[in-house]
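Keeping their order, the protein sequence lines are chains W and Y. Mapping of the first sequence onto the working numbering: position 547 corresponds to residue 547, and the numbering continues sequentially without gaps. Here the working numbering runs 1000 ahead of the position in the second sequence, where the first position is 1.
These are calculated hints, taken from the structure and not from any lab test. None of these values were measured; they are calculated from a predicted model. Cβ atoms here follow ideal geometry from the backbone N, Cα and C, with glycine treated the same way. Every clue listed holds true.
For lysine to any residue, the following SDA-like pairs were computed, each having C-alpha atoms within a straight-line distance of at most 25 Å:
| id | chain 1 | residue 1 | chain 2 | residue 2 |
| --- | --- | --- | --- | --- |
| 1 | W | K473 | Y | G1138 |
| 2 | Y | K1126 | Y | Q1145 |
| 3 | Y | K1259 | Y | I1224 |
| 4 | W | K473 | Y | A1140 |
| 5 | W | K473 | Y | Q1145 |
| 6 | W | K442 | W | G499 |
| 7 | Y | K1167 | W | R514 |
| 8 | Y | K1264 | Y | I1224 |
| 9 | Y | K1167 | W | A627 |
| 10 | W | K442 | W | G419 |
| 11 | W | K473 | Y | R1202 |
| 12 | Y | K1167 | W | Q633 |
For each label pair, taking beta carbons as the anchor points, the in silico distance ranges come out as:
| id | chain 1 | residue 1 | chain 2 | residue 2 | range |
| --- | --- | --- | --- | --- | --- |
| 13 | W | P311 | Y | P1270 | 44 to 54 Å |
| 14 | Y | A1178 | W | S638 | 19 to 29 Å |
| 15 | Y | L1104 | W | K259 | 36 to 46 Å |
| 16 | W | T430 | Y | E1152 | 27 to 37 Å |
| 17 | W | R481 | Y | D1315 | 43 to 53 Å |
| 18 | W | P533 | Y | A1178 | 39 to 49 Å |
| 19 | Y | G1026 | W | R481 | 36 to 46 Å |
Residues from chain Y that face chain W, not an exhaustive set, calculated with beta carbons under 7 Å:
| id | residue |
| --- | --- |
| 20 | D1166 |
| 21 | N1192 |
| 22 | K1195 |
| 23 | Q1196 |
| 24 | L1200 |
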Amino acid sequence: MTEHSVSFDIASEPVRVLTGALVIEAARLAGVDIQQPCGGQGRCGRCAVQVTEGSVRRRSTLRLSPEDIAAGYALACQSVVEGDVSIAVPPQEKIERRLTTERTAVEVTIPPGYSPAAQPMRRVALTLVPPDRQDQTDDWGRIQTALRQQTGIDAFQISLTLLRRIGAVLRADDWAVTALLEADTWDRPNGPARVVDLWPGHIPDDAPLWGIAVDIGTTTVTLWLVDLMTGAVRAQVAEYNGQIARGEDVISRIIYAGKDSGGLELRDLVLKTINTLIATACKRVQVDPANVIKAAVAGNSTMIHLLLGIPAESIRLAPFVTAVNHIPALQAGVIGLDIHPEATVDCLPGVASYVGADISAGVLSSGLDDAGPVTLFMDVGTNGETVMGNREWLVTCACSAGPAFEGAGVLHGMRATEGAIEEVWINGGTFEPTFRIIGGGKARGVCGSGLIALLAELFLTGVIDRSGNINLKLPTARVRRGEHGPEYVLVWGSETQDGHDIVITRVDIDNLLRAKAAIYAGFTVLAEKVGAPLETAEEVLIGGSFGKYINVEKAVEIGLLPDMPWDRFRFLGNTSVRGAYLALLDRTARARITDIAARMTYIELSADNTFYDAFTSALFLPHTDLARFPTVQAAVASNANASHKSGKGT
Amino acid sequence: MPVEIPKDTWSGSVCTVTLGATTAAGGTRSHTVTVGGHKTLPFMHFEQPMAHRPVIALEIRDRRPDDWSPLLLEVWGNAVDDPASWANAGEKAGADLLVLSLSLTGADGHPTTPEAAVAAVKAVLKASGLPLLVFAPGQADLDNQLLVPVAEATKGERLVLGICEDKNYRTIVATAMANGHLISTRTPMDVNLAKQLNILVRDMGIPADRILMDPTTGALGYGIEYGYSVMERLRLAALQGDGNTQSPMIVTPGAEAWKAKEAKVGQDVPAAWGDWRERAITWETLTAVALIESGADIVVLRHPESLRRVRVASDDLMAVPETI
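Using the sequences and the hints given, assemble the complete structure.
Given below as structure tokens:
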């Protein structure tokens, strides 16, 4: 056999290997450390190297784009040396960054051409002529006249609270005053305008004007602090909904709310969560929360009812109707939000009991209502809602998935914040994991995307079977019988923040399986009822608080997403809060949400047993009907093959 | 005018599974029993002949059962104290197969030991030449402890080892494969769950001709219609070519029927219910016959008179009308 020279840019000496050696073997000889999280099975793409001179034979090019290959990239564990070559080893971070492009995160972009005039809140600087013996016009009349002259608007309203302060404000800065005006609301499109507040003196035109967009999820509440003058999001904060301790899903919340003072308690809990978020966001940009003068709120129908203290019982009981879908413009002080008490709170409209404002807002932000081809939009949260359609038609359904993908209801689950494991690889030979932690420090727990990746890896490496049973006979200390039954140790206590092992238990796995099964069953049944096979969807838009970080491939491997070409999926992050943000900034967008809510046809999944059947058959990895997941089947087969070849089969 | 009877043709068929091995094939059975192979729905003789008739297994225990009806204990007499004589009596009563159900505990109240289980299985094999199914008590750890030595001590017999469930199948499947036996799977009355377990066991590499599936049933009046429908749907899926539903089906109408109130309560409660023995046997017979019609390949019974009556009914069903 012939020997070839292999030189690595980061090694001092070239090494000589026989024809047929793998690049990774040459690297080992040269003392070059190349990470192989998947154990050299060509699955993870982390060992990509760049061939700068000569060429190698690539046994597999999984995870390499045609551009990568053209640039000389090859997987070290899958490339065979057949001639002299020079190889550059890119720094690990560079590889990670390259790989993460498949998980396109959507940055918040200000709507193009944004002008503050698109929304109804405005400041008007007034210089009033002081009253005297000749001009004895009252203070309010004086303001109205000035406003009329400056804005061309005829009629104005004012609250009693403000009237009580009006005299003092006008005289505080020598009759120079700034009026905060709300020209219209969704339910008063033609006015009258409302004077929300009056401030002494003139405030510069370009000073920020603060609004908030809020998404009240069953599990997670998200809040954006927005400058209405520029449209820019200045702070994004999120926290678990304080109501979680009173029930994980909407049904148990409604039941809780129906007991004694349960409704009041739940209202207080969510208000506390939102108010804490307001305080946190405002502190971050040094704003007094009292200067926040507008709020747009999205959330499922139950969450909105509970926030407003409206009994939600009828949502739970047949025939499942809400008390209100289109909520009039309300004031923050009445609701109990700690922002300007006179600020308008616009609770966005929902479609039905189980398809709320979060979905109408989500559809708006996904652009589904204006799509040409048939598109699927799914909001993956505690409730899995799916909308299918385009600009001609919109059909929707909802199912309860549980909070697992938001990191709740799982022993070591957490939100996607610092310390959360967000990506996992497991070596198919040793069953040792490699993971990435948000913030890079020590691990605290696992977030939704980490759980999806973990489940997929456990499955592909045979740590769990298709039903989620952990194989306790594997030759690794990481599988064991723990306090909660069989478990897999993802991180040993010595490497975690609190010193305790981070594990995934059989119970966690069951919760994840149920969550993914419910979501998958939801959209498959919807597609079936509409009579449009899933494959007809040219694009699949995914929203949800974990949507920013999810890895398509892993989600397909566990059967959460359908086995379609990866480029059809687009991740939109939290579409609900984004929809609320757009409604906050633009009357037209707000009107479009009303229109969307009216246009959507709701399909009740509990009407027959199709959903239950679909759910049970999805309660499997990836699915009972294996033919629906051909690429996953191929991956499973090739892994089984690989571990068989390396003599590690069980 | 002649009436044309429409005939269905199916793309799939049920697997053929042979239970037991004769001396020539490495076992000690006097003969083997083959089930499955169907190319159409049961007893549709005008479409396709039934490849193999439904067979009747008789359930016996490794020791005198604590919870069986006095009617059963009475009819089997002293045989219930000795698995070998029980097996013998069962064969004489006309059973095609024997199912030996291992007890959770011995008569002393301690968990059944592997030695005792092996001894019982060997005694039954010696006493009767019928192919044998061995069902463990149904507690994962104990099942594995008992079935592995049983499988090893009877290598090559093509016993059926049960019961594989989705939470506990690896050990049983592995030992069945290593020792030339078959397995029986059980799932709680759901088509999808039955398919899933089939996929799980086949993922381990056990060939399809070594798998029986028990889709679980209820007795007459206790959910039989649900069990019937699940079995019918499984069979339709099998005939439509779904490879994960093509195992022959085994069900236990005996165990189910004898749990039913109608079989349990004795004479005169209420009087209108009639003779206890007749009522109990009718319950078991009707449950079994209905399941045979839904596609059961093996029914497991407990009473010899029920066995006789089910045999008569299945013979009738198997008779091909002359007009065809």
